[in-house]
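Top to bottom, those sequences are chains A and B.
Counting in the numbering used here, the first sequence runs from 2 upward without gaps.
Counting in the numbering used here, the second sequence runs from 2 upward without gaps.
Calculated from the structure, these hints are not laboratory results.
Bear in mind that the values here come from a model prediction, so they are computed numbers and not experimental data.
Accuracy of the hints is not assured; some may be wrong.
Identical chains blur together in the list; that is why a pair holds if it fits in one copy or across any two.
Heads up, simulated SDA-like pairs for lysine to any residue below, C-alpha to C-alpha not over 20 Å straight-line [said to hold, decoys possible]:
{"#": "1", "residue 1": "K111", "residue 2": "R272"}
{"#": "2", "residue 1": "K18", "residue 2": "C29"}
{"#": "3", "residue 1": "K234", "residue 2": "D315"}
{"#": "4", "residue 1": "K234", "residue 2": "P320"}
{"#": "5", "residue 1": "K111", "residue 2": "T31"}
{"#": "6", "residue 1": "K74", "residue 2": "I123"}
{"#": "7", "residue 1": "K174", "residue 2": "T24"}
This is what each chain is made of:
Number of protein chains: 2
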Amino acid sequence: MSAIGSKELLGGFRRIKGFVNETPILTCSTLNRMFDTNLYFKCENFQKVGAFKFRGAMNAVLSLEERCVDLSKGLATHSSGNHAAALAHASALRGYKAFIVMPRNAPETKQRAVKGYGAEIILCEPTLQAREETLAAVVREHGSQIVHPFNDYDVIIGQSTAFFETILYGLDKGVRFDKVLVPVGGGGFLSGTSLSAHFFSEGTQVIACEPSGADDAYQSFKNKRFIPSKDPKTIGDGLLTSLGDKTFEIMMEYVDDVCTVEEESIVEAMRLIWERMKIIVEPSSAVPLAAILEGKVHVKGKHIAIMVSGGNLDLTRLPWL
Amino acid sequence: MSAIGSKELLGGFRRIKGFVNETPILTCSTLNRMFDTNLYFKCENFQKVGAFKFRGAMNAVLSLEERCVDLSKGLATHSSGNHAAALAHASALRGYKAFIVMPRNAPETKQRAVKGYGAEIILCEPTLQAREETLAAVVREHGSQIVHPFNDYDVIIGQSTAFFETILYGLDKGVRFDKVLVPVGGGGFLSGTSLSAHFFSEGTQVIACEPSGADDAYQSFKNKRFIPSKDPKTIGDGLLTSLGDKTFEIMMEYVDDVCTVEEESIVEAMRLIWERMKIIVEPSSAVPLAAILEGKVHVKGKHIAIMVSGGNLDLTRLPWL
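Whenever a hint applies, use it, and build me the whole structure from the sequences.
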């Protein structure tokens, strides 16, 4: 893992500062009492485009610029979710065109958001193969630069800054985090968080939290080899993706444990966060609290950072209705 | 209005500091762009018990203590909403018993919350007369001290601290607020806010925002005499109450204008806040943004503080479903 060291992480922090929101860290006395612990929620649901993904996309765009890569032909990716909006917005902020390949069945609201950032949407069939082929065609036609949603060191460095900000908060308040809990899908948020923990937060265990219906990180971690999910299913729609080779490698080196949770716990945890903290988080973001609810992570008397990934969801389709 | 001056307000701030949450002030670049303005949301939905009401109840309990009033027989009020939980929690924190008269049809969740703070609930018929008679009976039997939800100077002083914190934030950031928008029901939040504005915030207009279906403050303000609502109806269930004599008097002295909004605008504003800011606010809290949506308040290029009253509502009954 010579690719990313402490200087690269700090470089990313400096690079995107001023472009990203320094999101608040919220605590909740009711939840702390409930679990006899001290939880610190890093609220990336308040990030631009409503998710941590903006950090990675912004760092990728600015890093490509710094390396004098020609971006005059625009940037491109395929995504049905938060990375689409993130790359669209980051590109627009630097005056570049963005081409976003989205599956035909992507929610209307997500398509509107991406268009709202001025990106061009190219619809395709909702299969990974169709998405990759369409993206390749876009690149052939336009000569755009691809930014992968997670399996990319620039993106990972961008994602590392959320926990880095949390560490700075801890230094200011005199709090040392015993553990940091992160939801894992493709592994970009997990990789970035574990790198920040490794280089800047002594004694902090990194725990990845994953829905059992999409448990490729868990299987890969336990078997020490990359095992992609087959037909994953979970309400945590941001976590359906399997790891990439780069995020797998970082996980094996810097993550202390991976735990899985059931769907009912995710819904219960999400509702607890909405009701008690009065913040809107997407199901994926509730996975770490679900792990605490299930007793999978010991938190009693400890200081626990919880990485909240985002707050984008359809407000007419709540999972408890 | 010799009852409350700048020293009384600062005394209240000092008194309840350490008991209340210093709630965050959030901004939203999307909403600012949408209305070409600068909005600062003072998030009392993150206050203890999920509403600003805790400030007033806490100040009332501590002020009664300071004045050596005998509280050994407990505190009492009638309320179906946030004041019930607020007084229950404030009393418990100081070791006093609380008796809360609630209408039989008060939501199960609200009753559970009040019980959760250790208070005793006395159920009655859902009429104002039954509530007042039952409360009087409780006081006769137990000798408890009544704390009115809004028509009480101690309560009003407590509510003033939310905008006072906002003013301190403005001093720190170099922001002078051109206007502060406050929802109005019984007028406690409005009175406290207008007093803080009058004594501590030069050039800040205070605008009360009210649902047109419960427009007693609007009618009273325009006609310069107290006109209570008859059969009020609004989704902003915290705003059904009419003003009291104390809050009416303060409004006439310190409030610059009152505007009314339609129900559809309240729902639209509430959804905008949920979707764009990722915070959960109750319908009453969306009334100020509804006034902006309707063009009732001019905000272009200005700095506008918005007092968010709370975030308590039934998450299974959202108004856009």
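Evaluation of the provided hints:
Within a single copy, K111 and R272 get their C-alpha atoms only as close as 23 Å, which misses the 20 Å cut-off; across copies the closest is 16 Å, which meets it. Taking identical chains as interchangeable, the C-alpha atoms of K18 and C29 lie at most 20 Å apart only when they sit on different chains, with a minimum of 17 Å there against 27 Å within one chain. Proximity of K234 and D315 under a CA criterion of 20 Å is satisfied intra-copy only: 18 Å inside one chain copy versus 29 Å between copies. Only within a single protomer do K234 and P320 lie at most 20 Å apart by alpha-carbon distance; the minimum there is 15 Å, versus 30 Å between protomers.
In this homomeric assembly, K111 and T31 come within 20 Å of each other (Cα to Cα) only across copies, at 16 Å, whereas the closest approach inside a single copy is 34 Å. In this assembly of identical chains, the alpha carbons of K74 and I123 lie at most 20 Å apart only when taken from the same copy (16 Å versus 70 Å across copies). Taking the shortest Cα distances, K174 and T24 sit within 20 Å of each other both inside one copy (16 Å) and across copies (17 Å).
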